[in-house]
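Protein sequences, first through last, are from chains G and Z.
Just so it is clear: in the first sequence, position 122 is 122 by my numbering, and no numbers are missing.
Just so it is clear: in the second sequence, position 199 is 1199 by my numbering, and no numbers are missing.
In short, the hints are calculated from the structure, not lab data.
We put the beta carbon where it would ideally sit given N, CA and C, even for glycine.
Heads up, some of the hints might be wrong.
Derived coverage of chain Z by chain G (criterion: at least 3 residues anywhere in the stretch with Cβ under 8 Å from a Cβ of chain G; other residues may be distant) [stated by the list, open to error]:
(1) 1081-1095
(2) 1103-1113
(3) 1118-1125
(4) 1129-1141
(5) 1263-1275
Single-letter residue listing:
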Amino acid sequence: MKYLINQVRSVIAFSKREYIIWTSYKVNIVTWILDVFINSTLFFMLSLLMGKNTNIAPYGSNYVSFVVLGLSAYYISYTNLGDPYDRVARIYWNGTMDLYLLSPLSLITPIIGIMYRSVLDDYPRVLLAFLFGWLFFGAHFTFYQPVTIILVVILLGISTFGIGMISASSFFLLNLKVGTEPIKFIFQDIIIALAAGYFYPISILPYSLQILSLTLPHTYALDALRRLMVPGANVTVPVLPLQKVLNIRPISLDLIMLTVMSFLFIYLGFFLYIKGIEKARRNGTLTRWQ
Amino acid sequence: MIDKVINVKDISKVFNPFPLRKKERGPGLWVANLVRLRRIKENEIVALREVDLSVSRGEIFAIIGPNGAGKTTLIKILSGLLYPTKGSGTVAGLDIIHDHEELKSIISFVSASFWMGLEWQFTAYENILQYATMLGVPEDTAKKRIREYGEFFHIDYFDKKVPALSAGMRQIISVIRGLVVDRPILYLDEPFVSLDLEKRMALSKIVKALASKGKTILISSHEFTDLDVFHPRSLMLYKGKTIGYGFAEELLPEKGIIPYSLRLSEFPADLESVLFKSGVIVCKVPKELIVLDRVFNVRLLLKSGRVNDLISEILKRKIKILDIKKESISLKDAYLYKVNNEILD
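All chains, please: the whole structure from these sequences, using the hints.
Below is the structure:
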């Protein structure tokens, strides 16, 4: 228990530090707000242009609401999947890996603590996306099952963080310290970009890509969120190939798959990251300045 | 019974680094690194070769050697940050490989390179406090210790942010950061780097005080003069190999060698080789040759009973001897003797 409390205290201490660092770049804050505003507006303009002719059934009929949820999943995924590698890289290049490994913190605690920066940087985008969608572009949402919605968001967060940790492990396992990291690139920039269905229902994709999308937590999270939050959405009509094969309620299947993926990816992520650190201890590649 | 805190046997460390080629990025690098996952012999760097070491509780033990000798590698192995390729060891009864999680709660590690881990947006004070709380020191205790060490080292720049600090200031902040944690075993890796004379003396005083309280201190340096004040037992490394182990006087291969410091009106280039060939001195190079106000200050390692031969050889050349003084053997004497007479011979 004391160990857990110490980890939480450290995450809070790291978060405070990240807040101080983040707010020390005052110009960055202004550019960040502008960036969020311009990006969000751009997506909504595109959605308005395409939305009128898009059939998104059974996810209701409000395409802007559909896209707001897609954008939110994109932001959450972008942070959780992309950040662990970047944070490990920062710890490495700053020369603080030795200090953290000599502390009583778990291997993961500093990464989670430093990710607070991204919480400041990316998560408010989700709220802004909802706000812009509602205020300017006619998005509406339903909150009939708030507990299930929160559960889906948490599971999406955990599973994408797991993939993020698999990506971070490549820093030491494959010694990829420069250039692009392959797991993040393959997941984020190829599979997720193509098959996650941020801006369209995956039913419009070729069947092979629909099958590929089944390996992504985004698919199940977006399916559940859209069924639960887009007004007029149907909760019983199957859309995903797996839902058509198995005789389980779509949202229940989404939750089962998200739970399985959360456990699987988190386990794999932590396992591989710890293996990566072990390998670095053997090879002497833990810190930049050995 | 002597309480051995650190015990290592036959420790070897071979690094097998990945060569990073600048042209490789993205998929090219992924493929190249996957191919390189196997060991490639020609990339290997042998950092330590079969090193033995044992340190007692409350001892100040020195690891000395030139750059690249393996000092930092050895300390990192003793911290659990690196695994040895071969050999085994314990620190306070904990296995250096299997118990590295427990090990970190009993050691404090200060490295010359740790100032790079300072947070640049923070003040010196905030940096130390952040680290201390991260390592589980209660905030009030940490603040008290920071104040005490600040007064001891005469720090008047705690409120300054890291970019405003000089290299020496950053180094002393890193040192205080390690001391505030207050663990039974302290590793100091090149702690004197960039420090001015006053801070060096203060740090030496602290190290002695901590050892007298029973803390075990392992200190590495290539500046031997800083270590002589402790009169420590030492491990002398050269290219990863042990070339000496023990007190300075034990490190010389033969007994009856006495260092002398002389102040001479001149020091002809051939004098030294003449003295060496005739067996008066035992080392081929002058220990120290400092010319100050046209006075040559020389330190030589003499064979016992050959002082008169030295004096007569000098006087024969009409060189004035302004002063001659018997000294005790220093780590530097032993190191230079070893390297010049045994390694480079």
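The hints, checked one at a time:
1. Restraint check on the segment 1081-1095 of chain Z versus chain G: 4 residues with Cβ-Cβ distances below 8 Å, three needed, restraint holds.
2. Given a C-beta distance limit of less than 8 Å, the hint that chain G covers the segment 1103-1113 of chain Z holds, as 6 residues qualify and 3 suffice.
3. Coverage of the segment 1118-1125 of chain Z by chain G holds. Counting CB-CB distances below 8 Å, 3 residues qualify, and the rule asks for three or more.
4. Counting residues of the segment 1129-1141 of chain Z whose beta-carbon sits less than 8 Å from any beta-carbon of chain G gives 6, enough to reach three: the coverage restraint holds.
5. Counting residues of the segment 1263-1275 of chain Z whose C-beta sits closer than 8 Å to any C-beta of chain G gives 0, which falls short of three, so the coverage hint is violated.
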